[in-house]
Amino acid sequence: MIAPRLALPALLAGAAALGFSPIAVRLSELGPSATAFHRVALALPVLWLATRLVLAAEQRPQLTRRDHFWMALAGVFFAADLALWHWSIHLTTVANATLFSNFAPIFVTAGAWMLLRERITGGFLAGGLCALAGAMLLMRGSAAAGGGALLGDLLGLSTAVFYGAYLVSVKGLRERLPASVVMLWSGVAMSVVLLVVAVVSGEDLWPRTARGWVVLLAVAWLSHAAGQGLIAWALKHLPASFTSVTLLLQPLVAAVLAWVLFEEALGPLQAAGAALVLAGIVWARRSSA
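Under the working numbering, the first residue of the sequence shown carries the number 12, and numbering increases by one thereafter.
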């Protein structure tokens, strides 16, 4: 079949697209929670259109209350992930915020083993640890940046738990539901939660310039609709544990973009880290059950 062969390229493309999201948060005219809300809300029309096209070509799935519950819960998990992560970007470096949020493989692997009964091999664990070690080299020392950076790192780390729960939930839903359906209905729940968070935080909800809208549309369509959509599609054909390790490409892409746009310099250690990330992903793929 063609679809399983395209799953890995789709996953890699999705991970690369996610690398733009922390850059968009830095460029956004709005606060972190309002940016997160628009990231999801502005993607919903695209996801609705994709769902209509998919359901026109495939047999319409019968959604149960259990399906709606898990899609809503997945949306809540991802909303918590975004809300905390967007705040962490404002309190630490882009590379650190993205790195800590991608400690999710630890929690995804545990959840996939316990809940989804995925078989975890020793080679996969070694490859995952290699990729994680490489990602750690992308960090700069937070201690030198002060207490604000430390708080940002802790917020980034807490997002890993929520994103891990989101990935495991989506993997379970993708066993019988199309990716666009999962993304659409979970996105509705995300939008509601993030709108409440943005209002409670007292943030402005509307950009002041056309440039502000362009940034929001870019992160909504590129990072959420395309990036997360491709990842959700690939989860049908790939183990959740391997998917989470491959997403360690995100801090690598974000670090390169931050180097180009924000002059957050990359040194020899970061280059070595990038090589370890790529080597670890290849190792994990070859050893994945």
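There may be inaccurate statements among the hints.
Said to hold, decoys possible - Ranges of calculated distance between the beta carbons of each label pair, as one might list FRET restraints:
#, residue 1, residue 2, range
1, Pro-72, Leu-127, 26 to 32 Å
2, Gly-133, Trp-224, 45 to 51 Å
3, Arg-296, Leu-127, 16 to 22 Å
4, Trp-59, Pro-279, 44 to 50 Å
5, Arg-37, Trp-59, 27 to 33 Å
6, Thr-132, Leu-17, 37 to 43 Å
What the hints assert, rightly or not - Straight-line alpha carbon distances no greater than 25 Å define the calculated SDA-like cross-link-like pairs of lysine to any residue that follow:
#, residue 1, residue 2
7, Lys-247, Thr-75
8, Lys-247, Pro-20
9, Lys-247, Phe-118
10, Lys-247, Leu-148
11, Lys-247, Leu-136
12, Lys-247, Leu-216
13, Lys-247, Leu-60
14, Lys-247, His-101
15, Lys-247, Leu-165
16, Lys-247, Gln-73
17, Lys-247, Ala-61
18, Lys-247, Ile-117
19, Lys-247, Gly-223
20, Lys-247, Phe-80
21, Lys-247, Ala-237
22, Lys-247, Glu-40
23, Lys-247, Gly-133
24, Lys-247, Met-147
25, Lys-247, Leu-126
26, Lys-247, Trp-81
27, Lys-247, Met-125
28, Lys-247, Leu-23
29, Lys-247, Val-87
30, Lys-247, Leu-289
31, Lys-247, Arg-71
Hints are computed from structural coordinates only; laboratory data are not their basis. All C-beta atoms, glycine included, are put in the ideal place defined by N, C-alpha and C.
Checked hints:
Range check, Pro-72 to Leu-127: about 20 Å between beta-carbon atoms, so the 26 to 32 Å window is missed. For the pair Gly-133 and Trp-224, the supplied restraint of 45 to 51 Å holds, since their beta-carbon distance comes to about 49 Å. Checking the proposed 16 to 22 Å range against Arg-296 and Leu-127 shows it holds: the Cβ atoms sit about 18 Å from each other. The hinted range of 44 to 50 Å is satisfied by Trp-59 and Pro-279, whose Cβ atoms lie roughly 47 Å apart.
At roughly 29 Å, the beta carbons of Arg-37 and Trp-59 sit within the given window of 27 to 33 Å. Taken as a hint, the range 37 to 43 Å is violated for the pair Thr-132 and Leu-17, whose Cβ atoms sit roughly 24 Å apart. At most 25 Å may separate the alpha-carbon atoms for a hinted pair to count; Lys-247 and Thr-75 meet this at roughly 19 Å. Proposed proximity of Lys-247 and Pro-20 is supported: the alpha carbons are some 14 Å apart, at most 25 Å.
Of the supplied pair hints, the one linking Lys-247 and Phe-118 holds, its CA atoms being roughly 19 Å apart against a limit of 25 Å. Taking the CA atoms of Lys-247 and Leu-148, the gap is about 31 Å. The hint is violated against a cut of 25 Å. For the hint pairing Lys-247 with Leu-136, the CA-to-CA distance comes to about 21 Å; that is within 25 Å, so the pair holds. With a C-alpha separation of about 35 Å, the suggested pair Lys-247 and Leu-216 falls outside the 25 Å cut-off, and the hint is violated.
The straight-line distance between the Cα atoms of Lys-247 and Leu-60 is roughly 20 Å, inside the 25 Å bound, and the hint therefore holds. Between Lys-247 and His-101 the alpha-carbon distance is near 34 Å, which puts this suggested pair outside the 25 Å criterion. Between Lys-247 and Leu-165 the CA atoms are separated by roughly 32 Å; this puts the pair beyond 25 Å, and the hint is violated. For the hint linking Lys-247 to Gln-73, the alpha-carbon distance of about 18 Å falls within 25 Å, and the restraint holds.
With a CA separation close to 17 Å, the supplied pair Lys-247 and Ala-61 stays within the 25 Å bound. For the proposed pair Lys-247 and Ile-117, the alpha carbon gap of about 20 Å is at most 25 Å, so the pair holds. About 35 Å separates the Cα atoms of Lys-247 and Gly-223, which puts this hinted pair outside 25 Å; it is violated. With a C-alpha separation of about 19 Å, the suggested pairing of Lys-247 with Phe-80 holds against the 25 Å cut-off.
Restraint check for Lys-247 and Ala-237: satisfied, since their Cα atoms lie roughly 16 Å apart, inside the 25 Å limit. Under the criterion of a C-alpha separation no larger than 25 Å, the hint pairing Lys-247 with Glu-40 is inconsistent with the structure, at around 36 Å. Simply put, Lys-247 and Gly-133 have alpha-carbon atoms about 23 Å apart, close enough for the 25 Å limit, and the pair holds. For the given pair, Lys-247 sits about 29 Å from Met-147 by alpha-carbon distance, which is inconsistent with the 25 Å threshold.
Proximity of Lys-247 to Leu-126 is assessed by CA-CA distance (about 16 Å); at most 25 Å being required, the pair is judged to hold. Using a Cα cut-off of 25 Å, the hinted pair Lys-247 and Trp-81 holds, with the two alpha carbons roughly 16 Å apart. This hinted pair checks out: Lys-247 and Met-125 have alpha carbons roughly 18 Å apart, not beyond 25 Å. Only pairs whose Cα atoms come within 25 Å are accepted, and Lys-247 paired with Leu-23 is accepted, the gap being roughly 15 Å.
Restraint check: the Cα-Cα separation between Lys-247 and Val-87 comes to about 21 Å, which is no more than 25 Å; the hinted pair holds. Taking the CA atoms of Lys-247 and Leu-289, the gap is near 23 Å; set against the 25 Å cutoff, the hint holds. For the given pair, Lys-247 sits about 17 Å from Arg-71 by alpha-carbon distance, which is consistent with the 25 Å threshold.
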